[in-house]
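Trainee: Each chain, letter by letter, is given below.
There are 2 protein chains.
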Amino acid sequence: MGILGLGTVGTGTVELLLDSTGRNPLLSEIEIYRVGVRELNKPRKVKLPDGVIINDLNAIVSDPQVDIIVELIGGVEPARSLVLRAIQFGKHIITANKALISRFGDEIFTAADQAGVYVMLEAAVGGGIPVIRPLKESLSINRINTVTAIINGTTNYILTQMQMGSGSFDDVLTDAQNLGYAEADPSADIDGLDAADKIAILASLAFNGRIRLEEVYYEGICKVSKIDIVYAEKLGFVIKLLAIAQQDKKDNLPAPLSVRVHPTLVPKEHPLASINGIYNAILVEGEPIGQVMFFGPGAGAGATASAVSSDILNMVAELKISAQTLNPILTWKLHKHNEITPIEELITRFYARILTRDEPSVVGKLGTCFGKYGVSLESVVQTGFQDKLAEIVVVTHDVREGDFRQALKEIESLDTIHSTPSIFRVL
Amino acid sequence: MGILGLGTVGTGTVELLLDSTGRNPLLSEIEIYRVGVRELNKPRKVKLPDGVIINDLNAIVSDPQVDIIVELIGGVEPARSLVLRAIQFGKHIITANKALISRFGDEIFTAADQAGVYVMLEAAVGGGIPVIRPLKESLSINRINTVTAIINGTTNYILTQMQMGSGSFDDVLTDAQNLGYAEADPSADIDGLDAADKIAILASLAFNGRIRLEEVYYEGICKVSKIDIVYAEKLGFVIKLLAIAQQDKKDNLPAPLSVRVHPTLVPKEHPLASINGIYNAILVEGEPIGQVMFFGPGAGAGATASAVSSDILNMVAELKISAQTLNPILTWKLHKHNEITPIEELITRFYARILTRDEPSVVGKLGTCFGKYGVSLESVVQTGFQDKLAEIVVVTHDVREGDFRQALKEIESLDTIHSTPSIFRVL
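Keeping their order, the protein sequence lines are chains U and R. All the letters of the first sequence, read from the start, carry residue numbers 1 to 427 under full-length UniProt numbering. All the letters of the second sequence, read from the start, carry residue numbers 1 to 427 under full-length UniProt numbering.
For the record, the hints were derived by calculation from the structure and aren't laboratory data. Heads up, a few of these hints could be off.
Since the list gives no way to pick out one identical chain from another, each pair is judged satisfied if it fits inside one copy or across any two copies.
[Stated by the list, open to error] As a list, the in silico DSSO-like pairs of lysine-lysine whose alpha-carbon atoms are at most 27 Å apart:
hint, residue 1, residue 2
1, Lys333, Lys42
2, Lys226, Lys250
3, Lys336, Lys320
4, Lys268, Lys234
5, Lys320, Lys333
6, Lys42, Lys365
7, Lys372, Lys45
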């Protein structure tokens with residue numbers, strides 16, 4: 001085996017593979033033959049024999065002694081080129097790289113298919129939580145309807161802390177950074193891009209077709225304020241950053257998929273409502289299974305190393321049976337692209353917080369405007385006036401997103417409306 | 001493939017296998033060659049070609065045309081004899097039969113090992129929830145510390161309904177029977193035996209050794225009263241029937257396992273506290289994974305058929321690679337028996353509800369008596385007197401069960417003590 005990368009996850013994986021007592025005996029059949037790093041002279045937490053750690057990564061991926069390449073570099077390049085080259089040289093691939101797979105899965109799966117090698121990527125989604133393999137194997141008979149997931153630990157931590165009253169978004173983000181739950185540049189997490197990468201992978205797997213990442217709608221949590229969390233609470237919801245992939249139906253036939261990431265009001269009694277802190281959870285709904293949920297640590301060296309190393313053991317087990325014939329359930333035969341519905345076509349409930357000027361008839365005007373576009377309201381909460389502004393919070397019934405947006409545009413143009421600070425979808 | 005049994009799960013499985021549109025294409029490679037039933041002339045929901053449904057089950061398990069036997073009869077006999085005979089004839093086995101595996105797993109796995117055939121049993125534990133396969137595969141690198149599970153839907157439904165104030169144990173049980181959530185003879189569920197079967201299977205898998213079912217302690221939910229649920233609620237707990245398998249440590253080395261089923265006070269913020277109704281959940285704690293939980297429908301024709309049929313697909317996938325060499329991760333090489341700690345040696349917290357006669361110093365006497373046996377109290381709640389009796393509810397700190405029982409025996413012998421209607425363990 002050749003491992004590329006010896007950062008947090010790489011180190012965790014090597015430590016785990018070397019600590020074999022009381023673990024699966026198959027471990028004894030695995031040799032860490034090479035570990036590729038950028039800087040040879042950096043001090044390392046793990047002890048490996050001389051000559052194992054080298055800095056020529058290209059040599060590792062083409063080394064005839066190597067059967068399996070474990071890519072733990074992260075990011076797109078040089079990971080992409082190295083993985084493609086490894087596949088050309090007939091190596092099986094294990095990766096934890098969600099960005100690589102969500103952006104270049106197409107290219108990688110096609111190459112792997114031609115070369116007849118495995119690509120395993122349990123660690124790319126949900127850290128240590130088994131989800132890729134259960135979807136492929138344990139739920140293989142099902143027609144999947146929906147995948148609804150909390151798959152970004154940083155944002156879930158921030159939202160949970162805000163929910164518990166620990167401060168504003170900025171305060172909590174700073175705390176999260178100090179605790180190591182958020183990166184120095186947290187934008188990929190905060191903006192929803194990380195979750196978009198992951199839901200694209202889950203959607204391609206659950207719905208058996210490739211996903212164009214640029215068609216996945218995503219929206220981050222920057223606009224979630226403490227006041228929205230309080231309103232949501234009063235209305236019976238918690239706010240979560242959800243990643244959703246859904247098979248829409250039209251005339252009872254499968255229509256295009258809806259694949260999206262956005263802050264969402266989740267009813268308190270929903271299984272995802274109580275997933276707090278850095279934990280992740282993936283709720284899968286299928287036929288005939290009904291609802292199943294996978295819950296656990298979505299990040300961290302140990303959890304991710306668990307997923308990577310279990311992929312290694314399972315790959316070794318399959319290769320022991322045959323190095324030529326692959327297990328058809330474990331390959332990625334995605335020959336078509338899944339069609340994705342544009343976000344305007346989404347049918348959903350909305351939550352909107354609207355600031356209005358001091359005028360008694362404003363609720364009536366809102367109602368008229370919403371009614372014009374077919375938006376009916378499930379609940380309306382109006383507060384007293386402060387600084388000559390009142391706050392109106394509405395939750396709509398199901399509505400086409402495009403219609404709701406148009407209604408809102410018209411509402412925002414009314415003299416009596418000051419602004420609309422928050423608009424969230426409701427599960 | 002030969003299927004034994006065409007009851008609820010058998011019918012669900014056949015329906016699923018015949019409804020292939022939009023499901024895994026491997027389905028096309030599976031032929032339902034024979035279905036064995038007891039009564040040939042019973043009307044059936046599924047349509048199969050003439051001659052497929054027969055009543056000579058012995059002929060099916062020895063038929064050279066059959067590669068895979070799917071045992072869905074349930075119960076011990078004739079399931080056991082048929083499965084063993086099928087193994088002798090070189091058939092691979094899929095079963096949903098927890099009682100068979102928990103009692104005769106020993107015999108069956110040994111025979112399968114000698115014959116070189118698979119035994120897959122995802123449906124035996126947790127209905128449709130993927131848990132056997134994830135433990136074997138996705139968590140294969142981990143050292144498992146604890147499995148804590150709600151794996152009996154009937155009792156969880158009853159406890160949830162009682163929690164929601166829907167009536168007494170007897171009322172709710174009657175409702176559950178009317179709704180089909182409890183059987184006409186519900187004793188195996190209510191008494192904890194069903195959960196004991198399942199935790200024995202999970203324990204043998206998680207801790208890689210055989211379990212003697214007779215060493216698994218189990219206790220049912222008959223003694224859980226509404227008043228206990230109310231006290232538990234006040235103290236911050238919900239009462240759940242938990243099945244627990246735990247690797248105890250002594251001097252930091254693995255000691256015997258603790259494997260048991262009993263009503264348990266679960267802290268409200270614990271992931272299992274919010275698993276309600278007929279749902280099941282299995283919480284696994286391991287190193288390095290941390291906590292992962294699998295949640296879903298623990299019973300029902302569709303969910304169980306999902307597990308059985310996914311086992312079928314996966315077995316077919318493995319057999320396509322090789323019918324001779326088995327995947328070593330999917331076999332059951334359990335060469336030793338796991339040692340089990342007797343329940344008296346358990347270290348746990350206790351909840352006890354004690355009825356005392358009208359006497360002011362009773363709490364002091366209780367404290368003295370408990371203290372004598374090293375039982376220290378975490379909380380004490382005393383109510384007013386009704387009919388000359390007062391109720392005292394205590395929650396202890398961690399204590400050896402044997403010591404607690406001795407203290408309680410002495411307490412019950414005190415003149416001032418009327419009785420101890422409820423004693424539960426606390427998670």
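Trainee: Run every hint past the structure and note whether it holds.
Mentor: These are the hints, each one checked on the structure:
Taking the shortest alpha-carbon separations for lysine 333 and lysine 42, neither the intra-copy value of 40 Å nor the inter-copy value of 43 Å comes in at or below 27 Å. Proximity of lysine 226 and lysine 250 under a CA criterion of 27 Å is satisfied in neither setting, with 38 Å inside one chain copy and 47 Å between copies. Taking CA atoms no more than 27 Å apart as the test, lysine 336 paired with lysine 320 passes between copies only; the shortest distance there is 25 Å, against 31 Å inside one copy. With identical chains, the CA atoms of lysine 268 and lysine 234 are at most 27 Å apart both within one copy (11 Å) and between copies (21 Å).
Taking the shortest alpha-carbon separations for lysine 320 and lysine 333, both the intra-copy value of 22 Å and the inter-copy value of 16 Å come in at or below 27 Å. In the homo-oligomer, the alpha carbons of lysine 42 and lysine 365 never lie at most 27 Å apart, since the shortest distance is 66 Å inside one protomer and 66 Å across protomers. Taking CA atoms no more than 27 Å apart as the test, lysine 372 paired with lysine 45 passes in neither setting, with 65 Å inside one copy and 50 Å between copies.
In summary, the structure is inconsistent with hints 1, 2, 6 and 7 from the numbered list given earlier, while agreeing with the others.
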